[in-house]
Every structure is written in structure tokens, then in C-alpha cells.
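Participant: Residues per chain are reported as follows:
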Amino acid sequence: MNTVKLAASALAMAAAASAADARDQIQIAGSSTVLPYATIVAEAFGENFDFPTPVVEGGGSGAGRKKLCEGVGENTIDIANSSSRIKQSDIDLCSSNGVAEIMEVRIGYDGIVFASDINGPEFAYSPADWFSALAAEVVKDGAIVANPNKTWSDVNGDLPAQDILAFIPGTKHGTREVFDEKVILAGCEETGAFEAFKTAAGGDEDVAEEKCMALRTDGVSVDIDGDYTETLARIDANKNAIGVFGLSFYQNNTDKLRVATMNGVVPTTESIAAGDYPVSRPLFFYVKKAHLGVIPGLQEYIDFFVSDDMAGPDGPLAAYGLVSDPELAKTQEMVASGTPMAPLN
Amino acid sequence: MTDATANQNPAHGALTTTDARTRRRNAAEARFRLYGQIAIAIGIAALILLLTSVLSNGLSSFRQTFLFLEVTLDEKTLDKSGVRDVEVMKKVTTIGYGKLIEKSLQSAIEEHGITVEGLTDKDVSDMISKEAAALVRNKVLANPDLVGQTVPVKVLANGRIDGYLKGRVTMESAERDSNVSPNQLLLADAMRAEGLLVKSFNWGFITGADASELRPEAAGLGIAIIGSAYMMIVVLFLALPIGVAASIYLEEFAPKNRFTDLIEVNIANLAAVPSIVFGILGLAIFINVAGLPQSAPIVGGLVLTLMTLPTIIISTRAALKAVPPSIRDAALGVGASKMQSIMHHVLPLAMPGILTGTIIGLAQALGETAPLLLIGMVAFVRDFPAAPPEGFFDPAAALPVQVYNWTQRADPAFVERASGAIIVLLIFLLAMNAIAIFLRRKFERRW
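Protein chains in written order, with the numbering used here: chain S, 1 to 345; chain L, 1 to 447.
Please note that a few of the clues may not be correct.
Unchecked claim - In silico DMTMM-like links for lysine to aspartate or glutamate, alpha-carbon gap of 20 Å or less:
no.	chain 1	residue 1	chain 2	residue 2
1	L	K122	S	D308
2	L	K90	S	D276
3	S	K256	L	D189
4	L	K99	S	D308
5	L	K90	S	D309
6	L	K99	S	D236
7	L	K122	S	D309
8	L	K154	S	E47
9	L	K99	S	D309
10	L	K90	S	D50
11	L	K91	S	D303
12	L	K91	S	E47
13	L	K91	S	D309
14	L	K139	S	D303
15	S	K256	S	E230
16	L	K91	S	E270
17	L	K90	S	E47
18	S	K256	L	E29
19	L	K91	S	E122
20	L	K91	S	D50
21	L	K122	S	D50
22	S	K256	L	E175
23	L	K139	S	D236
24	L	K90	S	E230
25	L	K99	S	E230
What the hints assert, rightly or not - Residues from chain L that face chain S, not an exhaustive set, calculated with beta carbons under 8 Å:
no.	residue
26	N183
27	E213
28	T260
29	A379
By construction, these hints were calculated from the structure, which means they are not laboratory data. Note that beta-carbon positions come from the ideal geometry of N, C-alpha and C, so glycine has one too.
For reference, chain S alone in the conformation it holds in the complex (with noise of 0.2 Å):
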């Protein structure tokens, strides 16, 4: 019959898959953030070589390098992109699957910037403001009480007196690990409050640190689950709210956006490079080295990723966004001498 030889030669098809030649193209999953740089580097990598323009997918860091981890061979990733540090956990889970040389590659970094509307008062925070102003509880006199404040100058003396609005990015976001980290955790260390937690606590570290990380929930700090185009929406619409932005973001949008500063320091490339502003982060990639020599032109391209033409101070990444790592020149010799990473200290 008819539908008999049909599904018959279906079948066959789908038989024929495992006997599918060998992956040819370079696939590549990971970070959102690092996405945009990713395809630029493949398209460009497409054009020049002579091997295919690798595959990229985002689909956030931890997922990436779960994927990563999944074992060797030409049904996993060769690449992970990060936008956070491979953690201990992953690498376990990697050296479980049989994976156990892995590349780590610093592309550059992403700074995260606070800004308010153009036509607003300008704002010089440090990381104590943004933990007094929005954490659940803080520390007054000397006992922990719900958060008071309802202004920024009830937060700084220094601050306009503007009511305290603050849209910072849900929790499904990489840069939300990255705000907490460094600007609320920092800042709640700094206020003295993460003393005063451990010693409620009875001594644990752990509860400390959730305490500080803890935002106010009377809708002061609003989570924005989209991306920055949201942000910037709302910020339109609410001229009173400072929101937190990529540096490529703000730099796009410098006619809608008046950007604080942070610890005294303006958010440039430059500063960023120079480690002076302090909420920024390394933006990575991971390679498994099994499949460098197996997978055609793994090699060329993370050579051609790193290369001064690509990540460079005046290269395509840097024009989208990216700031350029100062250290790029012992990136470039690590990747061509593909010296897998140290363990995590």
C-alpha cells in the first residue's frame, strides 16, 4: 500500500539519523547577554573561513553550561557562553559526564549602570544607598527594623528628595545575580547591617546574606522580567524611577537617560576596563576541549573571537557594546596554547 511504503521510507529516514555524517558546524548555547556578541563573531567567522557559520542559541548561562556538561561527543555543545563564572557545581557535573578539560575564555565586560529620565536631578549613589533604600529591613539605632525610608534623602542627606522608586531586573535575569552581589549585599556589608544580621542569626553567614538580599516588597522595588526596552518604558512613564541598564543600553539611549554615578565614578568603557566603577561583570565563554581537532574549525574560532579584530578596543564588539578586556593580549595566548582552566579557588 501506499501509505505503507510512506511511512515506511519515514522510518527509514528517521533510521538514517544515527548514521548522520559528522557535525560540520560549530553549536554554541548560553547567556542572552553574551548572545548578541556571539552571532556577531559567527557571522563574521561564516564570512571569512571556510568552515560554516556556527550555530548559536541563547537560553541563559546556568542553562548553557548545564548543556555544556552534558557529556562529549557531537550531540552536545562545543561552546557555553556565560555571563557569570562557571560555578563548582557545574564543573563536578562536567567531570561526572566525562568532561574534563575545560577552556575558560574572559571576552570583556558588561557594566551595569543606574539611570534615571534626562530631564531628572542628577543622583551620585554608593552601593549603602541602594541597600538602605530598598532592602525589606535595615538597620536603625542599633535594631532591625522594617525599611522607613520613602525618600532618597531619608536613605543620603545628599540625595534629591525623591521618592524612591526602583526597577531593577527579576530575578530570571544574570544581572540581578550581579546587583545583589555587588551593590545590595556590598552595600549591606558596608551600612554595618550584615553584622547585625550574623548576630541575630547566632553567627550564620548564610541567613546574613539572605537578610541583606531581601527587598522591600510595598512596591518601592519593582522586579522588570523583559529586557531594558521595558525598563525604559517604564522609566518614561514614571519620571521619578531609576532603573538599572546594560552600559551598551544606556550608551544607546544617552538622549532619554541621565546615568548616576556610583562610588563618585561615571559608568564609561573606560572606567569599567580600568575596574574603577564597581558594578561590573567578566562576560565568558567555556569551551570543552574534547572537541577541539574533532569539531572543524573550534580552534579558528575562538582565536578569531579573541582577536583584536573582534573583541578588540576597536572591533565589532566593542562597537555594539561590549567593553574591552585590558588583559586581552594573555586571553589571546591562553586560547592559542589552549591551556584548560585552573580549578576555582
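Fit chain L to the supplied structure of chain S, relying on the hints for placement.
Facilitator: This is chain L only, laid out in the frame that chain S set:
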């Protein structure tokens, strides 16, 4: 008796006069009609709103701004050795070609006597899409003899310049925009007057590959259309035979017992399972266990087959049921076997219904996004998949996923392209539904 007489003479008078009760009933009916009309009006308004927003955003993506340039393919830059060896010439990257195109643009501006104050060389070269260099490079590598000549090329203009011609970028917004300056827009105006800058139909949008965020002007739907087509082929070739075989057995041969009842209930339930569940299943079985490649149309097709099967089975069974028993009885009566009666008589008569159901199932599968996100179809793919059957295993995108992908990009030029992709998807869906309606009208028999 008095009761009956009373009933025969109801309270109200003649039929021509309306009493309060009749008026109430009439009013209730009028209200009910009004509710229906309001419901339809809301539906139409929503449809018009959707279509106008999609069309107004998306139609502009079918036209694109191009630059007409005479590029001198300098031998010194492109082939120092002079032997026209393609392998050696490949060493010259798009950066080298980009410089040649920049030079040709600058000389074209001089030739036409265009002067705009305050423009740096970089401002001028930023008018050209980054895609242009790749285009010229591929052209030269395909035909090395072009080196040394001056060839006319049609290259894409930068996305912001394109946006200016389409009204998305204005002088006011350019002043505040760090990616484009008002001077560049003045230059664009001058070039347009000289015929260097022209807006024309954008075939690249339909046939081209996706592009990165640095060159939204080059992004196209080609790979997504091919990927979707491959998946539909897989679905058609798997779901139709399996679905039809299953329904014929269930409808004509299977004994009616608790077990077949159970199967029937399960098929009906399967049709209501959220599609994302099939995606999770596909990831677990087809990729992790069977070892099929990621981002490949074959996996997408298999997942969508699972999703479409219940739709096809349910509609096929309905079509088989609609064939009157007299046909079967007559066939059996003249001595046909049961299989002959089904294959020769029942199935051909049920075919229009089966095909309609299949096409509607395919249309549903074409627009499905959620399960594809899980099996890697959301990836950035630049290389076209090979011809089938190998192409089924190459990475590809899919139309609805491309829409999802583009709405997440930062550059405003992608908004227009996402809407353009929706228009293309809607055209495909409309065409499929039109075919289904045509088949039904043409071949359907009423008993």
C-alpha cells in the same frame, strides 16, 4: 371544562395587538441578537486591530534601501600575487573589501559633487551595511577575474539610513542617537537626489539568512522558510499515514471494548495536551535518547507529528463515519472483502475530509512555537540547510520562532522585520486554509 375553555382563551387579545408579555419576549430576542452582533463586532475589531498593527509595522520590511556603487576591485589589495588563486585570495577578509567599498562610496560622493559639512570618513563608511563587504567578497571569490576591474554593485544601506527613508529615524531622533548623526541623514538626502540611494523591493528579506544585531538590514527569512517547509514535509509523511492507518483500524476493524474505548479517550486527551509538553518529550526522546542533532528540522518535524496526530486521527475518523453504511454494505454484498470495501470505496469517499483535517493540522503545526524552543530551533543559523534528505539533519530555523527571535533583539529595525515575518507566516497559513476549503468544496459529497 371551565379550565380548558380558559386556556383556549388566553389573557391577551388578538394576534395583531402586542401585549406586555409579547413585547418583553420580543425585546429579549432583540437584546440577544444585539449581544451576538456585539460579540462579532468585538471579534472583527480585534482582527482589524491585529492586522493593521502587523501590516503597518511590517509592510515596510518588504522594501529596503540600497546603494548603487562602482567598486574598483584593486589588485594590490585583493590579490597581491596576481595569480588569481582563490585559496590565496581567501586570506583577504571582509575588512579589506569593506575598505574598497568605502573608497568607492567616497569617490561617488565627490563625483556627484555632494558636499555635506562635518562628516568624517567613518560617518560616510557607516552609511554602508556591514553585509556589503561579504557580498562583494563572495562575488570576487566566485569569479576571480573581476579583480582589477570596476564593477557596479548594489549593496544594502545601513539600517539607520534605511530607517530614515522609511520614517523610523528622524532628524530629531538622530541628534540624540549615538549610532547616526543628522549630517549622515543630510548626506542620505543628497545621495537620494543623485540616484545613488534607492529604495526597492527587498528579495533578501524572503530569501536571505538571519543576521546579527550589527546589521538588521540584512536579516532575512530564507532559512526559516526552508526549515518550516522541511518540518511540514516530515509531518506530512509521518502523520498522514500513521494517522489514517490508526483511524481506519479504530473505525472499521477494532472491536468495541473497554480497551479501544480507553485508546479513544486517550487520543481525545492527547489533542488537548499543551504543545510545550511535546517539546519536552522531543528533547528527552529524540535528542537525548535517539541522539538526533539539535536545531534540526527532523526533530522539529517529529515533535510536530506527535502534536498533529490526534488532530488527524479525530478528523479522519469523523470523515470515515460520514460515509454511509450503505456503501460498505453494497460493497460487501457484491462479494468484496472488508479491506477491499474500505480501500476501494470508503477511503476515497472520505478523502476530502481527511485531507482537510490534515491541512488544518499542518497549518496548526506551522504556527507552533513552544515545542521548537526546547529542541534548539531558536538558534542563530546563517548557513542554508542542504537539500533533503540530508538537509533534514542540518540546523535550521522556523518561521514562528524567527518572529520570537526578532522581537527580542535590541535594534528597532528588528521590530519591522518581526512584523514582516508575521505577514509571511500569515500568508502561508491563509494559503493552506484556502487549499483546505477548496478541497472540501470541490470533492465533498453530501448524502
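Participant: If a hint holds in the structure, say so; if it doesn't, say that too.
Facilitator: We went through each hint and held it up to the structure:
1. For the proposed pair K122 of chain L and D308 of chain S, the alpha carbon gap of about 19 Å is at most 20 Å, so the pair holds.
2. Only pairs whose Cα atoms come within 20 Å are accepted, and K90 of chain L paired with D276 of chain S is rejected, the gap being roughly 42 Å.
3. For the hint linking K256 of chain S to D189 of chain L, the alpha-carbon distance of about 26 Å lies beyond 20 Å, and the restraint is violated.
4. Distance restraint check for K99 of chain L and D308 of chain S: the Cα-Cα separation of roughly 18 Å lies within the 20 Å cut-off, and the hinted pair is therefore satisfied.
5. At roughly 17 Å between alpha-carbon atoms, K90 of chain L and D309 of chain S fall within 20 Å of each other, so this suggested pair holds.
6. Of the supplied pair hints, the one linking K99 of chain L and D236 of chain S is violated, its CA atoms being roughly 40 Å apart against a limit of 20 Å.
7. About 17 Å separates the Cα atoms of K122 of chain L and D309 of chain S, which keeps this hinted pair within 20 Å; it holds.
8. Restraint check for K154 of chain L and E47 of chain S: the C-alpha separation of about 18 Å stays at or below 20 Å, so the hint holds.
9. In summary, the hint linking K99 of chain L to D309 of chain S is supported, as the alpha carbons are separated by about 14 Å, within the 20 Å threshold.
10. Pair hint K90 of chain L plus D50 of chain S holds up; C-alpha atoms about 9 Å apart against a cutoff of 20 Å.
11. For a cut-off of 20 Å, the pair hint linking K91 of chain L to D303 of chain S stands: about 16 Å separates their Cα positions.
12. A distance of roughly 12 Å separates the Cα atoms of K91 of chain L and E47 of chain S; the hinted pair therefore holds under the 20 Å criterion.
13. A hinted pair counts as satisfied when its Cα atoms are at most 20 Å apart, and K91 of chain L with D309 of chain S qualifies at roughly 14 Å.
14. With a C-alpha separation of about 26 Å, the suggested pair K139 of chain L and D303 of chain S falls outside the 20 Å cut-off, and the hint is violated.
15. For the hint pairing K256 of chain S with E230 of chain S, the CA-to-CA distance comes to about 14 Å; that is within 20 Å, so the pair holds.
16. With a CA separation close to 33 Å, the supplied pair K91 of chain L and E270 of chain S exceeds the 20 Å bound.
17. For the proposed pair K90 of chain L and E47 of chain S, the alpha carbon gap of about 10 Å is at most 20 Å, so the pair holds.
18. Taking the CA atoms of K256 of chain S and E29 of chain L, the gap is about 56 Å. The hint is violated against a cut of 20 Å.
19. Proposed proximity of K91 of chain L and E122 of chain S is contradicted: the alpha carbons are some 51 Å apart, above 20 Å.
20. Between K91 of chain L and D50 of chain S, the direct Cα distance comes to roughly 10 Å. Compliance with the 20 Å bound is thereby established for this hinted pair.
21. A hinted pair counts as satisfied when its Cα atoms are at most 20 Å apart, and K122 of chain L with D50 of chain S does not qualify at roughly 29 Å.
22. With a C-alpha separation of about 12 Å, the suggested pair K256 of chain S and E175 of chain L falls inside the 20 Å cut-off, and the hint holds.
23. Note on K139 of chain L and D236 of chain S: the hinted pairing is violated, with a Cα-Cα distance of about 47 Å set against a maximum of 20 Å.
24. Of the pairs offered as hints, the one joining K90 of chain L and E230 of chain S is violated, with about 43 Å between alpha carbons and a cut-off of 20 Å exceeded.
25. Using a Cα cut-off of 20 Å, the hinted pair K99 of chain L and E230 of chain S is violated, with the two alpha carbons roughly 38 Å apart.
26. Annotation: N183 of chain L was flagged as interfacial toward chain S, and the flag is violated, the nearest CB pair being 16 Å apart, outside 8 Å.
27. Evaluation of the E213 of chain L hint against chain S yields a held restraint, the C-beta minimum of about 5 Å falling below 8 Å.
28. Annotation: interface hint on T260 of chain L violated; nearest CB of chain S at approximately 21 Å, more than 8 Å.
29. For A379 of chain L, the interface hint holds, since its Cβ comes within 8 Å of a Cβ in chain S; the closest pair sits about 4 Å apart.
Hints 2, 3, 6, 14, 16, 18, 19, 21, 23, 24, 25, 26 and 28, counting from the list given before, are not met by this structure.
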